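Protein sequence lines correspond, in order, to chains A and B. Numbering-wise (the UniProt record's numbering), the first sequence opens with residue 1 and increments by one. Numbering-wise (the UniProt record's numbering), the second sequence opens with residue 1 and increments by one.
If you are wondering where the hints come from, they were derived from the structure by calculation, not from laboratory data. One or more of the hints may lead you astray.
Below, simulated EDC-like cross-link-like pairs (lysine to aspartate or glutamate); rule was C-alpha separation at most 16 Å, straight line [said to hold, decoys possible]: (1) A:189 <-> B:267; (2) A:189 <-> B:266; (3) A:188 <-> B:266; (4) A:188 <-> B:267.
Everything numeric in this text was worked out from a predicted model, so none of it was measured.
Below are the chains, spelled out letter by letter.
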Amino acid sequence: MHFPVKKFGRKEEYVHAMDDISFSLYQGEILAIVGESGSGKTTTANVVAKLHRPTSGEIYFNGQEIYGQEVRKNNLEYRKNVQMIFQDPFGALNPTHTIRGILERPFVIHGLAERSELEAKIKEVLVQVGLEPPEQFIDKFPHELSGGQLQRINIARAISVEPVLLLADEPTSMLDVSIRIIIMNMIKKFRDRDNISYLYITHNLAGARYIADRIGVMYAGMLMELGPADEIIQNAYHPYTQLLRSAAPQPEKDFKENKLTTQGEIPSLVNPPSGCRFHPRCPKAMPECSKKLPEMYQINEKHRVRCLLYRQ
Amino acid sequence: MSDKLLEVQNLIAGYQTKMGRVLAVNDVSFELKKGELIGIAGESGCGKSTLAYSIMNLLEDNGAIFSGEINFSGDNLVDFSAKEIKQFRWQKMSMVFQSAMNALNPVMKISEQLIDALKAHQKGISEKEARKRAEEMLELVDIQKDRLDAYPHQLSGGMKQRVMIAMAMILNPDLVIMDEPTTALDVVVQRNIIEKIEDLRSEFNFSIIFITHDLSLLVEISDKLAIMYAGKILEIGPAAKIYSNPLHPYTKGLMNSFPPLTGEIEEMSGIEGKPPDLLNPPAGCPFYPRCEKRMEICKTEMPEFKELENEHQVKCYLYQGSDNLE
Numbered sequence: 001m002h003f004p005v006k007k008f009g010r011k012e013e014y015v016h017a018m019d020d021i022s023f024s025l026y027q028g029e030i031l032a033i034v035g036e037s038g039s040g041k042t043t044t045a046n047v048v049a050k051l052h053r054p055t056s057g058e059i060y061f062n063g064q065e066i067y068g069q070e071v072r073k074n075n076l077e078y079r080k081n082v083q084m085i086f087q088d089p090f091g092a093l094n095p096t097h098t099i100r101g102i103l104e105r106p107f108v109i110h111g112l113a114e115r116s117e118l119e120a121k122i123k124e125v126l127v128q129v130g131l132e133p134p135e136q137f138i139d140k141f142p143h144e145l146s147g148g149q150l151q152r153i154n155i156a157r158a159i160s161v162e163p164v165l166l167l168a169d170e171p172t173s174m175l176d177v178s179i180r181i182i183i184m185n186m187i188k189k190f191r192d193r194d195n196i197s198y199l200y201i202t203h204n205l206a207g208a209r210y211i212a213d214r215i216g217v218m219y220a221g222m223l224m225e226l227g228p229a230d231e232i233i234q235n236a237y238h239p240y241t242q243l244l245r246s247a248a249p250q251p252e253k254d255f256k257e258n259k260l261t262t263q264g265e266i267p268s269l270v271n272p273p274s275g276c277r278f279h280p281r282c283p284k285a286m287p288e289c290s291k292k293l294p295e296m297y298q299i300n301e302k303h304r305v306r307c308l309l310y311r312q
Numbered sequence: 001m002s003d004k005l006l007e008v009q010n011l012i013a014g015y016q017t018k019m020g021r022v023l024a025v026n027d028v029s030f031e032l033k034k035g036e037l038i039g040i041a042g043e044s045g046c047g048k049s050t051l052a053y054s055i056m057n058l059l060e061d062n063g064a065i066f067s068g069e070i071n072f073s074g075d076n077l078v079d080f081s082a083k084e085i086k087q088f089r090w091q092k093m094s095m096v097f098q099s100a101m102n103a104l105n106p107v108m109k110i111s112e113q114l115i116d117a118l119k120a121h122q123k124g125i126s127e128k129e130a131r132k133r134a135e136e137m138l139e140l141v142d143i144q145k146d147r148l149d150a151y152p153h154q155l156s157g158g159m160k161q162r163v164m165i166a167m168a169m170i171l172n173p174d175l176v177i178m179d180e181p182t183t184a185l186d187v188v189v190q191r192n193i194i195e196k197i198e199d200l201r202s203e204f205n206f207s208i209i210f211i212t213h214d215l216s217l218l219v220e221i222s223d224k225l226a227i228m229y230a231g232k233i234l235e236i237g238p239a240a241k242i243y244s245n246p247l248h249p250y251t252k253g254l255m256n257s258f259p260p261l262t263g264e265i266e267e268m269s270g271i272e273g274k275p276p277d278l279l280n281p282p283a284g285c286p287f288y289p290r291c292e293k294r295m296e297i298c299k300t301e302m303p304e305f306k307e308l309e310n311e312h313q314v315k316c317y318l319y320q321g322s323d324n325l326e
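Take the sequences, apply the hints, and build the full model.
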């Protein structure tokens, strides 16, 4: 097995699949990508952030291919427009810099503020993420703040350059439960105020439903279902989405009521199953599922499913 | 009562640090019946793991039980000598640790690790018997017995966690403490493990202390639920009651932190602020600084438990005065 080469090959294929289904994100929209670990959610964000270059397939941002000439000439502007919020708030901030040092960098790099305005700008953005009074935080080091406060700094750093698209990679999964909703509400607030679009990556179905307009479900590197958030949860078509749905805790039900119908684990991506990648675990698998890779079939105007059951 | 297995009374435990004593478990009392599952919910740093380690007598060197009793079917574990507790631990109570990835020895086959536990407690058991028992345990947790000689890195995360459960149950204990056993796992794998635990519990009738921050999961599986904050249990009672009628403002806040999967999507609020520094705990109720319904008295005084309904108890001045129920 040519392991690393194969692995990169996988990524190409995956990005191509995204292109196939014309995964699009609208202005001011929150699109949640859910899936288990290893399903390719983070890779999706990284490719959009130009951290990995897809070997085939195209990504258009405001109508321009992100590896095309226009964007390449203005790469810094693309970086300004597309910002990231990382999963681990402790690891995402340089521990040897103060909050001031961390937050002045984006202003300086993108030339958005004069030296003399920096302090005022930093304070303003600190207030926006609820760290008040800002004087109390500006000269602190990351280790002096809690996880929730650090994640606010991360958000502050991302929104300070007035981005168009924010890639949020599990921004709440490492935070205490009582803080998660607060961070999610903050993300929504900036969407409503500045019309920022979000690619919101999470493994938490209930959280995705709470925050997102649309949800895309990924499995083993492929997008299995894409549609309006509530429809995906209440009326899932793909057997994998149904599995995820039944695995999520539901306090309103008694435990014994919902039993899992599927066994097994996510397949190895070095040698993925032929045909539909979910067929080895699928309770509704048909003989042809192992041979034919399903396309994204249209359920209605906004809802698509990659499953042969819904072939027209 | 004969079906009472564990009774923790006024337990105070914590750590001695250079900056002073940290009481991570501060005056905790609860009871556990045979075959019952108690869920302990709380955020990081609230003392739930310290509570587990205190009961197991596995606190680190700088940790100690300062006062209180842990009665386990008639014996007070706090009084046990190191030798006695060594005998007792794993035989009568065992533990499933949070990170199965690190809890298994990476250079030993899982067969050796399972058999090790057997041999340490059952003197004179033959290699063959021990191996047979290890095989049975693996099958019990749905791992084929030909994986017995695998090394931990050859197993997936979910399988490792199931090996941990097999190891915890190999001596047929009365109590298994599970400290965030599914936190590092994916939802589907998590569900598999939980279903397995429930099957085993109904088959062997052992008791479980299940510790996690995931309240929605806990409500679903627990018989009894305890909400911990800053080393104290603030509310305890039947899980269904706490879910349908949370009383303490902290419990309400926690409940308001988990978006539902069904029904209307409402604006949720979470809880502003952060837990207190346990080096300098507040004088009164530890939740006072974050509480929306705080009163003057909460600043300096901490109320006792008040039983409002059958076994549903809460420590909060909102419910001290009369027998009013919302």
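Please verify whether residue 188 of chain A and residue 267 of chain B have alpha carbons no more than 16 Å apart. 11 Å, holds
Hint check: residue 189 of chain A vs residue 267 of chain B, CA-CA at most 16 Å. Holds or violated? It holds: about 12 Å lies between the C-alpha atoms, which stays within 16 Å.
Is it true that the CA of residue 188 of chain A sits at most 16 Å from the CA of residue 266 of chain B? Judged against 16 Å, a Cα distance of about 13 Å means the pair holds.
Quick one, are residue 189 of chain A and residue 266 of chain B close enough, alpha carbons at most 16 Å? Within the cut-off at roughly 15 Å; holds.
In summary, this structure violates none of the numbered hints.
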